[in-house]
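A.B. asks: Residue numbers (numbering that gives the first Met the number 0), protein chains in the order written: chain S, 0 to 242; chain C, 0 to 215; chain B, 0 to 193.
Don't take each hint at face value.
As the list claims (entries may be wrong) - EDC-like, lysine to aspartate or glutamate: derived pairs with alpha carbons at most 20 Å apart: (1) Lys67/B x Glu68/C; (2) Lys12/S x Glu14/B; (3) Lys14/C x Glu114/B; (4) Lys67/B x Glu24/B; (5) Lys56/B x Asp215/C; (6) Lys151/C x Glu153/S; (7) Lys236/S x Glu14/B; (8) Lys34/B x Glu167/B; (9) Lys74/B x Glu14/B; (10) Lys16/C x Glu69/C; (11) Lys56/B x Glu14/B; (12) Lys211/C x Glu77/C; (13) Lys74/B x Glu68/C; (14) Lys56/B x Glu153/S.
Claimed, not checked - In silico negatives: residues of chain S with every beta carbon more than 12 Å from chain C: (15) Val49; (16) Trp84; (17) Gly213.
Note that these hints are calculated values from the structure, not bench results.
In this text, all values refer to a predicted model and were calculated from it rather than measured experimentally.
Positions of the beta carbon are idealized from the N, C-alpha and C atoms, including for glycine.
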Amino acid sequence: MISAFIHKFSSPKSFVQITKTLYPLFIFTGLSMLIIGWTWGLLFAPPDAVQGNSYRIIFLHVPAVIFAELIYFFMALCALMHIVWRVRLAAYLIKSAAPIGAMITFIGLFSGSIWGIPTWGTWWQWDARITSTLILFIMYLGILTLHGSFSNLEKSDRLMSILVVIGVVNIPIIKKSVDWWSTLHQPASISVSGGSSIDPSMLYPLIISVIGLGFTLISLGILTSRSYILGREKNKKWVLDHV
Amino acid sequence: MLRLIKIESSKLFYKLKSWLGPMLIMILVLTAFPLSIDISQFDLEKFYFSIIVVSLLMTSFLATEGMFEEDFEDGSLEQEFLIEQDFYKVVLSKIFVYVCFIGVPIALIGAIFSVANGVAIESFVSVFLSLSLSNLLLFNLFAFGNALSINKGAMLGVLTSLPLALPVIILLGTAIRSIQYGNGFLEIISLMIGMGFLISAIMPLIISTALKTHID
Amino acid sequence: MKLISAQNISYKINEKMLFHNLSLEVYSGEGLHIKGGNGSGKSTLLKILLGITSLSKGLIEYKNQDLKISYLGHKNAIKNYLTPAQNLQLLFGNASLSNAFEWLEKLNLFQVQDELTANLSFGQQKKLALIRVLAQSSELIVLDEPFVGLDTAASDLLNSFFVQKLSEGTGLILTSHIQPSVECQVIELDKANA
Numbered sequence: 000m001i002s003a004f005i006h007k008f009s010s011p012k013s014f015v016q017i018t019k020t021l022y023p024l025f026i027f028t029g030l031s032m033l034i035i036g037w038t039w040g041l042l043f044a045p046p047d048a049v050q051g052n053s054y055r056i057i058f059l060h061v062p063a064v065i066f067a068e069l070i071y072f073f074m075a076l077c078a079l080m081h082i083v084w085r086v087r088l089a090a091y092l093i094k095s096a097a098p099i100g101a102m103i104t105f106i107g108l109f110s111g112s113i114w115g116i117p118t119w120g121t122w123w124q125w126d127a128r129i130t131s132t133l134i135l136f137i138m139y140l141g142i143l144t145l146h147g148s149f150s151n152l153e154k155s156d157r158l159m160s161i162l163v164v165i166g167v168v169n170i171p172i173i174k175k176s177v178d179w180w181s182t183l184h185q186p187a188s189i190s191v192s193g194g195s196s197i198d199p200s201m202l203y204p205l206i207i208s209v210i211g212l213g214f215t216l217i218s219l220g221i222l223t224s225r226s227y228i229l230g231r232e233k234n235k236k237w238v239l240d241h242v
Numbered sequence: 000m001l002r003l004i005k006i007e008s009s010k011l012f013y014k015l016k017s018w019l020g021p022m023l024i025m026i027l028v029l030t031a032f033p034l035s036i037d038i039s040q041f042d043l044e045k046f047y048f049s050i051i052v053v054s055l056l057m058t059s060f061l062a063t064e065g066m067f068e069e070d071f072e073d074g075s076l077e078q079e080f081l082i083e084q085d086f087y088k089v090v091l092s093k094i095f096v097y098v099c100f101i102g103v104p105i106a107l108i109g110a111i112f113s114v115a116n117g118v119a120i121e122s123f124v125s126v127f128l129s130l131s132l133s134n135l136l137l138f139n140l141f142a143f144g145n146a147l148s149i150n151k152g153a154m155l156g157v158l159t160s161l162p163l164a165l166p167v168i169i170l171l172g173t174a175i176r177s178i179q180y181g182n183g184f185l186e187i188i189s190l191m192i193g194m195g196f197l198i199s200a201i202m203p204l205i206i207s208t209a210l211k212t213h214i215d
Numbered sequence: 000m001k002l003i004s005a006q007n008i009s010y011k012i013n014e015k016m017l018f019h020n021l022s023l024e025v026y027s028g029e030g031l032h033i034k035g036g037n038g039s040g041k042s043t044l045l046k047i048l049l050g051i052t053s054l055s056k057g058l059i060e061y062k063n064q065d066l067k068i069s070y071l072g073h074k075n076a077i078k079n080y081l082t083p084a085q086n087l088q089l090l091f092g093n094a095s096l097s098n099a100f101e102w103l104e105k106l107n108l109f110q111v112q113d114e115l116t117a118n119l120s121f122g123q124q125k126k127l128a129l130i131r132v133l134a135q136s137s138e139l140i141v142l143d144e145p146f147v148g149l150d151t152a153a154s155d156l157l158n159s160f161f162v163q164k165l166s167e168g169t170g171l172i173l174t175s176h177i178q179p180s181v182e183c184q185v186i187e188l189d190k191a192n193a
């Protein structure tokens with residue numbers, strides 16, 4: 000029954016059709032929330048008691064690292080669907096999401112380095128969290144390189160899915176690293192349960208930036224996956240009708 | 000499975016550069032490092048261990064490079080598939096042989112060099128055990144990377160397997176620290192033994208799937 | 000006795016259909032000759048029949064799960080860094096090793112048995128690879144272009160091997176541009192695709 004449900008909603012054709020209407024909505028929401036969040040955070044939020052104005056990079060850095068991991072989780076879910084239920088769309092989505100994940104991880108690393116200079120006096124620190132994020136970036140590169148290495152695309156999809164599922168073990172290590180090793184990084188400031196140690200005047204623009212970036216990245220994903228799907232399925236009748 | 004171990008041992012034995020090469024590289028790096036620094040300036044004892052760990056990582060990677068490439072290229076993989084119907088036993092035998100013939104000797108070399116550079120002789124067994132177990136984990140993980148990249152070269156192998164290997168290195172570093180400071184070793188080594196069993200059992204399954212995808 | 004049957008099999012790769020709704024059967028003592036132009040999917044069909052490659056649609060049935068098949072494809076599955084003698088020792092257990100060395104002699108490879116396989120000629124390597132099939136007892140023999148690189152003497156040996164095996168009840172499936180001397184049912188892949 001699950002199999003039937005999945006196959007009903009996972010045809011590349013229906014994905015392309017549904018996203019046609021979703022895309023304008025997502026991009027508008029995403030960009031407007033980003034603009035609001037960043038304007039608020041960069042211009043109107045008060046300076047930090049300890050870090051002064053240099054903390055403002057968190058409005059880029061924190062959303063970036065959150066989505067660096069979330070995109071990988073999404074890819075792992077798709078990979079599982081591809082391996083278990085042979086859903087082709089899942090493989091297409093992994094291939095489209097990977098470059099976006101790589102890009103946002105790089106932005107996270109880069110913005111973290113910029114933040115490090117005024118805060119810790121160093122642009123790089125070999126602590127667990129930063130190193131794990133670097134490993135995540137390398138994993139994204141590995142996934143992209145792997146898929147591009149084989150001419151048989153179905154084989155590439157399958158191998159890529161295997162690699163993604165194996166690599167997902169790295170994500171909890173990133174999460175737990177702050178607890179496992181004593182590091183330079185501050186402990187997680189936002190937690191799901193209980194209060195956070197960030198002042199609301201900084202927290203709200205941060206949350207808005209996170210949501211805004213999320214929608215923007217989803218729109219980007221929709222754009223890339225639509226063109227990729229059309230390319231992969233180009234011999235199908237529905238593509239010829241669509242284009 | 001004994002048949003497979005015999006075959007893999009014979010193959011590895013005849014390919015001198017596959018097993019002798021990594022050992023010589025390990026010896027070379029461990030010898031070259033002290034020669035490249037001013038020993039009077041540094042306390043060699045304190046960080047020689049790190050050199051051993053890095054050399055171990057490098058030589059493990061080199062030793063497993065192209066592990067499945069030869070069998071894939073000359074059609075032996077297909078033949079094995081016809082006999083066994085899957086690759087689990089093939090992979091298990093291959094990794095077992097590699098660990099025995101290359102992994103353990105490399106760990107021994109590392110342990111000997113560590114004792115020669117300030118580690119107490121009583122810790123020799125602990126060091127050897129830590130290095131051997133790390134090699135077991137690394138060989139499994141690098142075999143996975145090689146199974147994915149099969150004949151596409153070292154770059155793909157590095158990108159796919161190094162992210163998986165680094166946590167093993169962190170684990171090894173923790174084990175070595177516990178040897179140096181004399182506490183917590185038993186816990187770490189138990190963790191490594193457990194992980195060793197788990198990964199040795201599961202990894203060949205995943206590698207088998209990857210290899211099947213290649214010959215498909 | 001039916002050794003292997005394929006029912007309505009189709010195979011697609013990179014969105015290109017290689018063959019569609021193909022059916023065939025091979026019985027004991029029967030030969031099947033698969034013909035077709037370059038790139039028509041002969042080697043792929045063999046691999047599908049062997050279960051190495053997964054088919055897109057259809058069903059393949061074997062006489063039983065333990066059907067003993069010997070196969071030689073385009074790749075020789077021999078180790079270039081070993082000698083022919085070492086290769087045979089790796090391939091065969093003690094029981095069939097003497098038979099394998101007999102074939103080594105029949106194929107004029109006895110003199111070069113201790114030379115590195117890498118130094119042998121293409122034809123000699125092919126002959127060595129064929130011993131895997133010649134010296135092994137099996138119920139079904141599957142060969143992909145077995146005559147390529149063989150001299151006349153070896154080709155004749157192979158043909159008489161086919162005759163003998165078919166009379167013993169072994170099944171045979173082969174692809175070849177050269178007509179084998181045994182009588183086989185024929186499948187033409189280019190025509191099957193149409």
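A.B. asks: Okay, which hints does this one fail, numbers in order?
C.D. replies: 1, 8, 9
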